[in-house]
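Novice: Take a look at the letters that make up each chain.
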Amino acid sequence: MSEVILKATNVSKLYGKHKALDKVSIEIQRGMIYGLIGENGAGKSTFMRTIMGLISFNEGEIELFGETGVRGLQQSRRKMGQSIETPALYPELTARENLRVQAANGGVGNREIESLLQLMNLKDTGKKKVKNFSLGMRQRLAIACTLITNPEFLILDEPTNGLDPAGIVEMREIIVRLVKERGMTVLLSSHLLDELSQVATHYGILHDGKLIRELSKEELARETRQYIELETTEVQKAVVVLDELGIRDYQVINGTDIHIYERLDDVAKINRSLVLAEVNVLRIGTTRQKLEDFFLQLTGGTYRA
Amino acid sequence: MLNLLTAEKIKLIRSKKLWIVLSIFALFPIYQVANSRLAVHYGTELNQAVDTVINGATGVLMIEKNGLTILLVMSAFISFFIGEEFQHGTIRNALSLGRSRTQYYLSKLVVASSLTLVGVTLLTLIGMIGYSMVYGFGEVAGIRDYVPFAIKSFSTLYLLILANVSIYVMISFLTNSSGSSLIWSFLYTIGTGFGAGIFQQTEHFKHITFWFTESFLFYSNFAHPADIARFPEMALVSLITILLTSAIGMVKFNSTDIK
Numbered sequence: 001m002s003e004v005i006l007k008a009t010n011v012s013k014l015y016g017k018h019k020a021l022d023k024v025s026i027e028i029q030r031g032m033i034y035g036l037i038g039e040n041g042a043g044k045s046t047f048m049r050t051i052m053g054l055i056s057f058n059e060g061e062i063e064l065f066g067e068t069g070v071r072g073l074q075q076s077r078r079k080m081g082q083s084i085e086t087p088a089l090y091p092e093l094t095a096r097e098n099l100r101v102q103a104a105n106g107g108v109g110n111r112e113i114e115s116l117l118q119l120m121n122l123k124d125t126g127k128k129k130v131k132n133f134s135l136g137m138r139q140r141l142a143i144a145c146t147l148i149t150n151p152e153f154l155i156l157d158e159p160t161n162g163l164d165p166a167g168i169v170e171m172r173e174i175i176v177r178l179v180k181e182r183g184m185t186v187l188l189s190s191h192l193l194d195e196l197s198q199v200a201t202h203y204g205i206l207h208d209g210k211l212i213r214e215l216s217k218e219e220l221a222r223e224t225r226q227y228i229e230l231e232t233t234e235v236q237k238a239v240v241v242l243d244e245l246g247i248r249d250y251q252v253i254n255g256t257d258i259h260i261y262e263r264l265d266d267v268a269k270i271n272r273s274l275v276l277a278e279v280n281v282l283r284i285g286t287t288r289q290k291l292e293d294f295f296l297q298l299t300g301g302t303y304r305a
Numbered sequence: 306m307l308n309l310l311t312a313e314k315i316k317l318i319r320s321k322k323l324w325i326v327l328s329i330f331a332l333f334p335i336y337q338v339a340n341s342r343l344a345v346h347y348g349t350e351l352n353q354a355v356d357t358v359i360n361g362a363t364g365v366l367m368i369e370k371n372g373l374t375i376l377l378v379m380s381a382f383i384s385f386f387i388g389e390e391f392q393h394g395t396i397r398n399a400l401s402l403g404r405s406r407t408q409y410y411l412s413k414l415v416v417a418s419s420l421t422l423v424g425v426t427l428l429t430l431i432g433m434i435g436y437s438m439v440y441g442f443g444e445v446a447g448i449r450d451y452v453p454f455a456i457k458s459f460s461t462l463y464l465l466i467l468a469n470v471s472i473y474v475m476i477s478f479l480t481n482s483s484g485s486s487l488i489w490s491f492l493y494t495i496g497t498g499f500g501a502g503i504f505q506q507t508e509h510f511k512h513i514t515f516w517f518t519e520s521f522l523f524y525s526n527f528a529h530p531a532d533i534a535r536f537p538e539m540a541l542v543s544l545i546t547i548l549l550t551s552a553i554g555m556v557k558f559n560s561t562d563i564k
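Going down the list, the protein sequences come from chains V and A. Residues in the first sequence are numbered consecutively from 1, following my numbering. Residues in the second sequence are numbered consecutively from 306, following my numbering.
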């Protein structure tokens, strides 16, 4: 069994009477890229801040690298890096100086600075102050800062926020590379499931402070997989035809719709067989449930991202 | 703690704020020497009771002469120095690395105290040199052993300033923002400084004003024997203030949610 990096059990956080986190339980194992998804205000950043010890929580327990208690958690956090919400940088300093500050905070040397600047494509920034950086450059530098202490567990809150499409792709590649090359475990958040699905291996869906669903990449693929959508007024006759064609993986959705999950390339053949069997076909074609629709379904259609 | 101080050093050296503060402390005494010379207060002679510094020897009292300026400059510096960490979110970088909040608080207090020491030393030295050049080194009336007096008065004055620095650090950690910290620090300085002047007119409340270090700083003559005798009391009030405000600041900061 893989090592458990983070185990949050029934973590709740109250702001007055508002429950920002309501008994959230999440377990992240080594090597996972855990994507935390939820609309704005769902509790993603609050959960991340709680993990990092930046805010207190009212009930529950947090275990990091098998450690609990104030001192144990404090020690464990030295193996972690974070970039929560906006990139936290010193605008008057250069990229190199920002990295030097974070290296000093972490009590590590400056050896990694040049390689990190190279990794994040910031090598040529020279004496340019961070206040003159583009948002993409700042995001990359913020991640470089989190990497300076060579963490085992990385927490990234909406790392693609505000980036252009090229920047989003670049950020995604960086995250995947870090996991592959440095064996890191990553917890990242986004309000876009489609965006997260490109990198994450596991997902947790937060809604109104509650973790309403956890699923793996495979489960998500299954939930949102491609299928043939058949609309007919004669569902029973259509089912007989599908059975005759040897199709087993299908689902009758309601009185008119059938979703067929196999032989996706045989739409024409299935259609022909249905017509020959005098089934009244209103519509047939391949489709895929959109990730965002899946998310809306789960959250009861209150997606506000 | 040393790691945090190293990080502070990198930040400070590149910070414009540091150089502005040091420039003020370096240029202010030069301006005052020139102003004393050109304005020729009270005929041709300066009056120690009013002007505080009248020659090189009394230059050791430059902190007393510039008490309000030092406090306002330091309160502004500390408000930005700490408040910006909250506003830029950079405070998360150190704290999320498992650094204790008490150590973080102390590192800020150490930096603010050290800068204050460098600043007031610069101010005093330049003041002493400047006034010596214009008015001669001279003496402090009634003081026979100058060196012990100079050490005691400078140390006491520094402690009084340090007590306020400690209050400003506490305010910055409580308010979590440069703007609010600036306003509250100014209000505190002006309030306890000039408010004390009003309460000192009354017999009942006069002694209460000496719970605040500003009262000593603004309403004492550090060259006067009666006030020199109160140096231990001043040091005690300063130390209590530093301990009390640091304890309150650390306890509150430890329970603060960092946005």
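Hints listed in this document are in silico derivations from the structure and should not be mistaken for laboratory results. For each residue, glycine too, the CB sits at the ideal point set by N, CA and C. Errors might be hidden in some of the hints.
Below, simulated DSSO-like cross-link-like pairs (lysine-lysine); rule was C-alpha separation at most 27 Å, straight line [stated by the list, open to error]:
id: 1; chain 1: A; residue 1: Lys314; chain 2: V; residue 2: Lys7
id: 2; chain 1: V; residue 1: Lys128; chain 2: A; residue 2: Lys557
id: 3; chain 1: A; residue 1: Lys322; chain 2: V; residue 2: Lys23
id: 4; chain 1: V; residue 1: Lys129; chain 2: A; residue 2: Lys322
id: 5; chain 1: A; residue 1: Lys314; chain 2: V; residue 2: Lys79
id: 6; chain 1: V; residue 1: Lys131; chain 2: A; residue 2: Lys564
id: 7; chain 1: V; residue 1: Lys79; chain 2: A; residue 2: Lys564
So the derived list for chain A, only partly shown, Cβ under 10 Å to chain V, looks like this [to be verified]:
id: 8; residue: Asn360
id: 9; residue: Asn526
id: 10; residue: Lys564
Novice: Next, verify each hint and record whether it holds.
Specialist: Verification of the hints:
1. A/Lys314 - V/Lys7: Since the Cα atoms of A/Lys314 and V/Lys7 sit roughly 37 Å apart, the hinted pair is violated (cutoff 27 Å).
2. V/Lys128 - A/Lys557: violated, 37 Å
3. A/Lys322 - V/Lys23: Distance of about 45 Å is beyond 27 Å: violated.
4. V/Lys129 - A/Lys322: holds, 16 Å
5. A/Lys314 - V/Lys79: Within the cut-off at roughly 24 Å; holds.
6. V/Lys131 - A/Lys564: This hinted pair holds, its Cα atoms lying about 21 Å apart.
7. V/Lys79 - A/Lys564: holds, 21 Å
8. Asn360: violated, 41 Å
9. Asn526: Violated. Min distance 42 Å.
10. Lys564: Result: holds, 8 Å to nearest chain V Cβ.
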